[in-house]
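Starting from the given sequences, assemble the full structure and let the hints guide the process.
Chains D and V are the protein sequences, given in the same order. If you're matching positions, the first sequence starts at 0 in numbering that gives the first Met the number 0 and goes up one per residue. If you're matching positions, the second sequence starts at 0 in numbering that gives the first Met the number 0 and goes up one per residue.
Hint data in this document are derived by calculation from the structure and do not stem from the laboratory. Here the structure is a predicted model, which means the values were calculated and not measured. A virtual CB, placed ideally from N, CA and C, is assigned to each residue, including glycine. Don't take each hint at face value.
[Stated by the list, open to error] Output of the computed footprint for chain V on chain D, the stretches with three or more beta carbons under 8 Å from beta carbons of chain V:
no., stretch
1, 22-30
2, 79-93
[As the list claims (entries may be wrong)] Example chain D residues on the side facing chain V (calculated, C-beta under 8 Å, incomplete):
no., residue
3, GLN19
4, MET35
5, PRO36
6, GLY39
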Amino acid sequence: MYHQVLIAGFGGQGVLSCGQILALAGMIENRNVTWMPSYGPEQRGGTARCVVTLADRPIGSPLAERLSAALIFNQPSLAKFLPQLGDGTLLILNSCIVQATPACHQHALYQVPADTIARNAGFARSGNMVMLGAYVGASGIVSVESVHEAIGKYLPPAKAHLADANRRALDAGLHYARELKAA
Amino acid sequence: MRQMMKGNEAIAEAAMRAGCRFFFGYPITPQTELMEYLARRLPEVGGTFLQAESEVAAINMVYGAAGAGGRVMTSSSGPGICLKQEGISFLASAELPCLIVNVMRGGPGLGTIQPSQGDYFQATRGGGNGDYYLPVLSPSSVQEMADLAYKAFELAERYRTPVMLLTDGVMGQMMEPLDFPDSPPVPGEKSWITDGCKNRSRRLVKTLYLDPADLEAHNRHLQEKFEQLRASETMSETYAADGAELLIVAFGICARVARTAVDNLRAEGFPVGLFRPISLWPFPAASLQNAAEGVKSLLAVELNAGQMVEDVRMALPGRKVDFYGRMGGVVISATEIEAEARKVFAGGVS
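Set out below in structure tokens:
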């Protein structure tokens, strides 16, 4: 198993934390994992992205080499990264603000209204967990229990009270993706 | 307990666990998380974190703390490490143990904040004035960031020398799970520190020797130490080197990317292996000679215009060593290395 996922959007959407929680879930399952952010003179509203690699063997390059999935949180990221995806890549869009282009349909496309689902689940700022849940639901790459545990590990004590709201958002995304998959 | 950390944070936490209680530095990307981490953590264990007014001030504070017997470190990136060179030369001459971290970015000049390996020459050839070297260690995983921070303090105190951890923006920024090594390095005997001479004779920590005979004797002493380091402190690793016809030589982040290229090429049936120097100075020449035996071609891969490749060529006189590099903050992809390797095979291995 060698799996690389790109997570990209605006700063402030929880793109980097989404990747870190996924990496933590991989660590909990005793996988080899790397989390590699883009870094630069960037700030809230600028671009943010990271690449998470999960593997059973030692990981060489932590950089995007052969992506098996992409979680796209905003339109500019779709324009930038769509041409780099191989056919059939698992492609999850935050359809509240990202419009799928015809080329998206060459991929295993999931259009997930992440922000709306997050609001309905009771925590508007957890769109990133909805996206992560959708990814876990579509790919089965890690178990949902591991991600629940990872959320607990990730949040500092001062934010521990947000764990359950984030878990609910994750579950809502997971169910949404499973229904899309079944349809 | 296994935990997930950025490379920069792993160095910081490991240094602290290794007993480092003094940090003096000045912020610069891409090493900032290291300082940020110690700014929070060092005071918790009674240590001193000080953001100096400049890199020059910071390295001289390192000199002072080391001279007084403290376990001490500093960190920076290329442009800041340049400013510290005067102090590093002084530390080498005065034989003061300390850890210096360079999280490399693209140069020359202010360059870019993106990753590079362009400071290889500066690190492995001393960097400041005079005849000196310092041990230079190059980690290739977050785990090694921690392991080599321990190793650096151990070498520093055993040999009474500054030691450099030479890494880059990718390694500093990436996160991986790691375990911290258990036993911190045992403090070396410090019978030379200047901590007040009440009830004992005066000691001197200095670098000025006005009599040429004295300075030559001091230099001979330093050179003996460098010889000893060359003889016993090289570190390296091979990967898939058995039966390899092409041996890729790479360090740090490039070795990680090359490992992916080796896996992909092996899967296609190309007999390719990897040699990774871990100590860049002393360069593991003898281990490389062993690994290169029976190998038909060699390819050095670096994020610079060709620096380590000179050490590879010196270790293997008469052998043809190809080179592939990217500069300016561009990171090499596995695909690029694979393409270079295929070219070597297509040209008939020489």
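Hint check:
Counting residues of the stretch 22-30 of chain D whose CB lies closer than 8 Å to any CB of chain V gives 3, so the stated coverage by that chain holds, three being the minimum. For the stretch 79-93 of chain D, the assignment as covered by chain V is violated, since 0 residues bring a beta-carbon within under 8 Å of that chain's beta-carbons and 3 are needed. A hinted interface residue such as GLN19(D) counts as satisfied when its beta carbon comes closer than 8 Å to some beta carbon of chain V; here the least separation is about 7 Å, so the hint holds. Interface restraint check: MET35(D) against chain V, minimum CB-CB distance 5 Å, threshold 8 Å, status holds.
For PRO36(D), the interface hint holds, since its Cβ comes within 8 Å of a Cβ in chain V; the closest pair sits about 6 Å apart. Given hint, GLY39(D) at the interface with chain V, holds; its Cβ is 7 Å from that chain's nearest Cβ, closer than 8 Å.
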